[in-house]
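Enquirer: Go ahead and model the full structure; you've got the sequences and the hints to work with.
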Amino acid sequence: MSVRVYVPGDSAACSVGADEVAAMIAESAAAGGTTVEVIRNGSRGMLWLEPFVEVQTAAGRVGYGPVAPGDVASLIDAGLFEGRDHILGHGLVEEIGWLNRQHRVSFARVGLADPLDLDEYRKMGGLAGLRRALDIPVEEVVGDILASGLRGRGGAGFPAGIKWRTVLEAPCREGSDGVKYVCCNADEGDSGTFADRMLMEGDPFTLLEGMAIAGVTVGASLGLIYVRSEYPAAIRTLRTAVDIARVDGWLGADVLGSHRPFDVRVVEGAGSYVCGEETAMLESLEGKRGMVRPKPPIPALQGLFGKPTLVHNVLTLSAVPAILADGAVAYQSLGVDRSRGTQVFQLAGNIARGGIVELAFGVSLRELVEDFGGGTRSGRPVRAVQVGGPLGAYLPDSALDVSMDYEALVAADSMLGHGGVVVFDDTVDMAAQARFAMEFCAVESCGKCTPCRIGSTRGVEVIDKITAGIDPERNLELLEELCETMTDGSLCAMGGLTPLPVRSAVAHFGEDFHRSANGGQRQ
Amino acid sequence: MTRQAPGTRAPADVLAAVPVEERLILPCLQRIQNSFGYVTDDSVDAVAEFLNVSRAEVIGVLTYYHDLRRTPPPPVVVAVCVAEACQAQGSRSLIHDIEVDFRITLGDQSASAPIEFAKTYCLGNCALGPAVMVNGRLVGRCDIGRVRAAVAAAQEGIR
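Residue numbers (my numbering), protein chains in the order written: chain A, 812 to 1334; chain B, 36 to 194.
FYI, nobody ran anything at the bench for these hints, they're computed from the structure.
A couple of the hints might just be wrong.
Unchecked claim - Simulated crosslink set (EDC-like; lysine to aspartate or glutamate; CA at most 20 Å straight-line):
hint: 1; chain 1: A; residue 1: K1099; chain 2: B; residue 2: D102
hint: 2; chain 1: A; residue 1: K1099; chain 2: B; residue 2: E84
hint: 3; chain 1: A; residue 1: K1276; chain 2: A; residue 2: D1240
hint: 4; chain 1: A; residue 1: K1276; chain 2: A; residue 2: E1288
hint: 5; chain 1: A; residue 1: K1259; chain 2: A; residue 2: D1299
hint: 6; chain 1: A; residue 1: K934; chain 2: A; residue 2: E905
hint: 7; chain 1: A; residue 1: K1259; chain 2: A; residue 2: E1097
hint: 8; chain 1: A; residue 1: K1099; chain 2: B; residue 2: D80
hint: 9; chain 1: B; residue 1: K154; chain 2: A; residue 2: E1250
hint: 10; chain 1: B; residue 1: K154; chain 2: B; residue 2: E134
hint: 11; chain 1: A; residue 1: K1259; chain 2: A; residue 2: E1288
hint: 12; chain 1: A; residue 1: K934; chain 2: A; residue 2: D1240
hint: 13; chain 1: A; residue 1: K1099; chain 2: B; residue 2: E92
hint: 14; chain 1: A; residue 1: K934; chain 2: A; residue 2: D1059
hint: 15; chain 1: A; residue 1: K1276; chain 2: A; residue 2: E1291
hint: 16; chain 1: A; residue 1: K1276; chain 2: A; residue 2: E1292
hint: 17; chain 1: A; residue 1: K1259; chain 2: B; residue 2: E92
hint: 18; chain 1: A; residue 1: K1099; chain 2: A; residue 2: E1079
hint: 19; chain 1: A; residue 1: K1099; chain 2: B; residue 2: D132
hint: 20; chain 1: A; residue 1: K1276; chain 2: A; residue 2: E1322
hint: 21; chain 1: B; residue 1: K154; chain 2: B; residue 2: D102
hint: 22; chain 1: A; residue 1: K1276; chain 2: A; residue 2: E1250
hint: 23; chain 1: A; residue 1: K1099; chain 2: B; residue 2: E56
hint: 24; chain 1: A; residue 1: K1276; chain 2: A; residue 2: E1295
hint: 25; chain 1: B; residue 1: K154; chain 2: B; residue 2: D132
hint: 26; chain 1: A; residue 1: K1099; chain 2: B; residue 2: E57
hint: 27; chain 1: A; residue 1: K1106; chain 2: A; residue 2: D1299
Note that the coordinates shown come from a computational prediction; the quantities given were computed from them, not determined experimentally.
Expert: Laid out in structure tokens, this is it:
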């Protein structure tokens, strides 16, 4: 009887030594005469505990972390393989409050098994959603997605079911051959977000199943996943998963014997933040510069190569199998108001307990930052929290009681974005953060529209003048006018939302913009 | 003149092996770069001819994407995340330490340096920052010591 030991193969875990830990456990076990099966699972999402080692015992899986390579010998001496106590021990994983207070739907399987073990995937309920989607009329599948209340998790929050219906009913234009596409946007460029990556690395079959359901429903025979080049491990895992699914017969010419075709191709990006915007992504998938397209026409009618295209974020598609398998009602019953189901929040930056927190919409930002996150890692007071990526607002401590749902965040002059939460302590210079927002926009702007292309560079210059103490009041007015122009006049969210972090920094942390007048000190 | 290691193929040979569905400008350039380490000048002509598009279109795509480069990469590339989540975890002081320690400047792409120090915007390791990628290997919770070790390992790997 061999002992099962789990050491995550996730990139984040490997960035802090999981590969070395896994190798050392295997070596030490062999030297000590214990038969050990080391399984490289996905990450549980408790990233501050990575590398998080788990051992299968009769009572359940027992966890240890963070395990440095140097800790392996002492862990084994203490009885790691029997799940005995150790200073790094956390007891039974299923009893860890941080995990069992969550409501995992999209991330339900991440971290439990080898991500490429299809038998395990089936045992954990995999493919039930796809089977059901193939058994019922396509209109009913679309009805389920509509009834579930699922909205786009990439940031825009558009009702998914309406997109599905639009693509399903899209008239094939004259001369076209009835071709439609499903495109998965995995260009997760927002700083502070990593849920797409962890899902692709930790449970790729869920994403592929979601895409297959979408494809057979709307009548697309090909799906493309556009993955950013910064995620090489995700690309490798997805490509292997596609091969496995083809061999198993649920991707390819005849999905699960339904006589309906659906195949998936994984496409690597080439370093461009704006390619996370859906139309720029389509241009890039066509091999061109990733420039934003004006809308209309909407991609649902004229998308990739001019064909009707269903474009969704990784997390949107990954919610689909559970909606089909467990019913729209189960998903719709979670959440608040018009934000239904769960959101995968990502706690990042200067935070004591960073990682993946999947919960129904409506949790407060304070619960995420303080209860789950445990405040700052540096131990200093929280000064600012940026929600929703580099285009999201900076919120002060006094605003942390906001409910985390699409509408409440917009009402607080913020946005949910892709669910990233980045915490800063009181050493942060908010004028520098505002400048960075403009600088980032200048670097990554596709250049198609003037407010974004020129405005971002002017924004950097104006903020530099303000912080240098050159006519700060007039230049702050100018900055506000510039923000207004960018917000109202940009073609896409890149230029349109860059003012959000800038304006919020000025509104909530105005003292940081007046330092030069005070000898470099905040007022 | 392009730098071509003995035994490597000509751009046209690389392109001839591109599957039909990838016969588009960006994937062709990515394959060229994977083969030669960068996009050589004669590859631009080869891609234009292969796809029956103008050189201008090829150069337009080539200059748009951060990943594509027109000069040979140095043996070691250290890419540091400069985005918000890593800023919150001290990337600004790490960048300063790396510049001092390795006597290199962030963003400097002069071909003679043995190490290139590049900016990147998010490596998806935002809870374990500052994050750095050294020759494709992701390193989390970075300080100057961990960067030194990763660079040494990369140099060892090349030898």
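Enquirer: Which of the numbered hints are not met once you compare them with the structure shown?
Expert: 11, 12 and 19
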